[in-house]
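Heads up: the protein sequence lines correspond to chains G and B, in order. Its first residue numbered 1, the first sequence is counted upward by one per residue in the working numbering. Its first residue numbered 1, the second sequence is counted upward by one per residue in the working numbering.
Source of the hints: derived by calculation from the structure; they are not laboratory data. Computed from a prediction, not measured in an experiment: that's the story for all the values here. Built from N, CA and C at the ideal position, the CB exists for glycine as well. Among the hints, a few may not be true.
Looking from chain G toward chain B, a few residues come up when the C-beta cut is under 8 Å (computed) [claimed, not checked]:
#	residue
1	His55
2	Val244
3	Met247
Simulated DEER-style distance windows between Cβ atoms [as the list claims (entries may be wrong)]:
#	chain 1	residue 1	chain 2	residue 2	range
4	B	Gln195	G	His149	56 to 66 Å
5	G	Gly111	B	Lys394	49 to 59 Å
6	G	Asp84	B	Arg337	52 to 62 Å
7	G	Ala239	B	Pro436	33 to 43 Å
8	B	Pro288	G	Arg67	16 to 26 Å
9	G	Arg115	B	Ala355	46 to 56 Å
10	G	Ala239	B	Asp255	23 to 33 Å
Anything over 10 Å on all C-beta distances counts as not near chain B; from chain G, calculated [claimed, not checked]:
#	residue
11	Asp54
12	Leu100
13	Arg102
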Amino acid sequence: MQIEIHHSTRYRFAEPVTFALQQIRKTPKSTPHQTVLDWTTEITGGAKQLAFEDHHNNVVELVSLERDTREVAVLSRGLVALEDNHGIVGRHRGPAPLWLYRRHTPRTQPGAGVREMVRGVQGETTLDWLHALSGQIRAAIAYEVGASHPGWGAEEAIAAGRGVCQDHAHVFIACARLAEIPARYVSGYLLLDDRPGQDAMHAWVEAHVEGLGWVGFDVSNGIAPDTRYVRVATGLDYADAAPVSGMRIGGAAEALDVRIDVSQQ
Amino acid sequence: MSETEIFDEMWGRDGCLREPYRAFHAWFEGEDPKRLRAKQREAEELFRLTGITFNVYGKAEAEERLIPFDIIPRIISGPEWARLSRGIEQRVRAINAFLHDIYHKQEIVKAGRIPEEMIRRNDAFLPHMIGVEPPGGVYTHIVGIDLVRTGPGEFYVLEDNARTPSGVSYMLENRETMLRMFPELFSRIRVRPVQTYPFELRRSLAASAPGCAAGDPVVAVLTPGIYNSAYFEHAFLADQMGVELVEGHDLRVVDGRVAMRTTRGYKPIDVLYRRVDDDFLDPLNFNPESTLGVPGIMDVYRAGGITIANAPGTGIADDKAIYSYMPEIVEFYTGERPLLQNVQTWRCSEPDALAHVLDNLGDLVVKEVHGSGGYGMLIGPTASRKEIAAFRRKLRARPGNYIAQPTLSLSTVPVFTRAGLVPRHVDLRPFVLVSPGSINVTPGGLTRVALKKGSLVVNSSQGGGTKDTWVLED
């Protein structure tokens, strides 16, 4: 299957920016099951400084906003070919050691909520256990757009009982790592059946299972990622994989407009 | 520890004048103590004028204090130094290979020589460095190896300073002062020079420039600013090397490089000798609250646009739990037996070791694994019952945070007092410059001396002083 993606991010500032830097992670990865046929990034109102591939094999582009900038737009577009892998990404690749994905971050630090969540999960094999975990999280944390805060970690989402895909991912990762299973956050594009237009990227998770390698779980939708899922950035949590992260001097009152179109070719 | 066990570097254990001190002693005997006392005062005045001072942390007013200087040099013979510097070079070579390995394939973990937990659970391991190739393959451009001596040929490494070793300005100023005070001594005794250090440092840094550097590489020193305890040294080294001293707010990312503001616009920096800790180096990638760093410098570094000296993430080699594996590390990467000895170290993370340490607290030195500067440590033999009890609680609460070592009988070197020469304990921090394909150990280093009788704590933050360190041309 081939998927075409248009992703535009536009920031407007009521007060002009003095200086800002943005790290952008929007370029899909090239992997055995995913081929990036074409990808371009256009930046208006900012200057591309450099690009590099980080320790999770994410393509990171650094963009600067110079003095008096009031608007910056990043438009990425391209075409990705996907082969069905039944949710199995396969053996661990890349420069980071597998154990890195057993390291907790502030967002996945387990507390009482995560421990309680793990206690109720049953499964004969690791894979069964992970599927059960995914189901339990989906049942315990209702999907509700706008219910959570992007800064939340696993514990906050469990306490609230509501959240979005990012929260489901953090809870899953925290629980898997507590069970000493390497787990990672995946940010990407999802082809929806009913509409091309979306206002955010999707997030799901991968856990490393002995013998299978990395296995994907879309906790929010309760399914295994298939050829509709385009993997973009991976990491220990949202912070490693965020589509945009940055720092800014000046430029108060930012307004963000995100438009994503994902369609089948 | 009885007095007779202690090795004095001038008088040995038996009171016979040792060879390296013969010429100095002959000169000293011919001097009028009154003149020497006057010289000692003059030396102190000179330090005050040059402005070599030291901020002591933990004092509300961040008081600037002069580090006491003693005019009696610490003398090491040529052959002694040759042996020592071979050991230092070997260790520094191994540290660089270790750093490259743990940020790449981790062969040493796969080979089972270091437990994975030592790296995985280590806060000093910096994931951002995974897979990064530092320009020229150098991680530790400047290293300070802290050594102590317990006998004529017995040197032990107390700790490795691969992150940001400080104190080299004292080595240089101590020599400068001695040359001014006693020029005749240096015509009588041939002492190997240390004054070329700033020149060698600049050359070494320039040789480590990234591929994108055009022509003569631009080097700069990044300081946290005037409130940092080592600000004097940062300014001194920049001045001596003839390069810019910059602060974070002088720099920003321009055209994919880190550039400094000048009167003629932005000028890209090829090599940044940074004296700002990793956590504060880049608010975009690390601590977002930091105002001391340069946003995006880590991205420029990862894209190959700058050399950061020392490389981020080198602090893991300073970790005192990693230190306990240094003999294995040296053997693993050099294929040789370690020439320098490690001090026996109990890792309190291991239950058997912890039990031993708790049973013998009164005889041991206990240190935090990430600690430095003599802060947060327990010296069993001189600690009160109360201090030991308090430390016992800390150890039980977080055993993995501590290591313990036996109390060593540090060697002594005489210091000059009103009552004549009296022995005081010393350590030694030689400085090592690493550039692609070359390791250069400066002949000498910083000798720190505990000025209180019997004291083993030489840290300047704890009231220690310094001496000029001589390596003889013989």
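Quick rundown of the hints versus the structure:
Checking G:His55 against chain B by beta carbon gives a least distance of about 4 Å; that is within 8 Å, so the hint holds. Nearest Cβ of chain B to the Cβ of G:Val244: about 12 Å, over the 8 Å cut. The hint is violated. At about 5 Å, the closest approach between the beta carbon of G:Met247 and any beta carbon in chain B falls short of 8 Å, and the interface hint on this residue holds. In this structure the hint that B:Gln195 and G:His149 lie 56 to 66 Å apart at CB holds, the actual value being about 58 Å.
Checking the proposed 49 to 59 Å range against G:Gly111 and B:Lys394 shows it is violated: the Cβ atoms sit about 24 Å from each other. About 56 Å separates the C-beta atoms of G:Asp84 and B:Arg337, a value consistent with the hinted range of 52 to 62 Å. A beta carbon spacing of about 34 Å between G:Ala239 and B:Pro436 agrees with the range 33 to 43 Å that was offered as a hint. Distance hint check: the CB atoms of B:Pro288 and G:Arg67 are about 22 Å apart, consistent with the given range 16 to 26 Å.
About 29 Å separates the C-beta atoms of G:Arg115 and B:Ala355, a value inconsistent with the hinted range of 46 to 56 Å. Checked against the hint of 23 to 33 Å, the pair G:Ala239 and B:Asp255 passes, with Cβ atoms roughly 27 Å apart. A Cβ of chain B approaches the Cβ of G:Asp54 within 10 Å, the least distance being about 7 Å, so the stated non-interface status is violated. The beta carbon of G:Leu100 is not kept farther than 10 Å from every beta carbon of chain B, the shortest such distance being approximately 6 Å.
A Cβ of chain B approaches the Cβ of G:Arg102 within 10 Å, the least distance being about 7 Å, so the stated non-interface status is violated.
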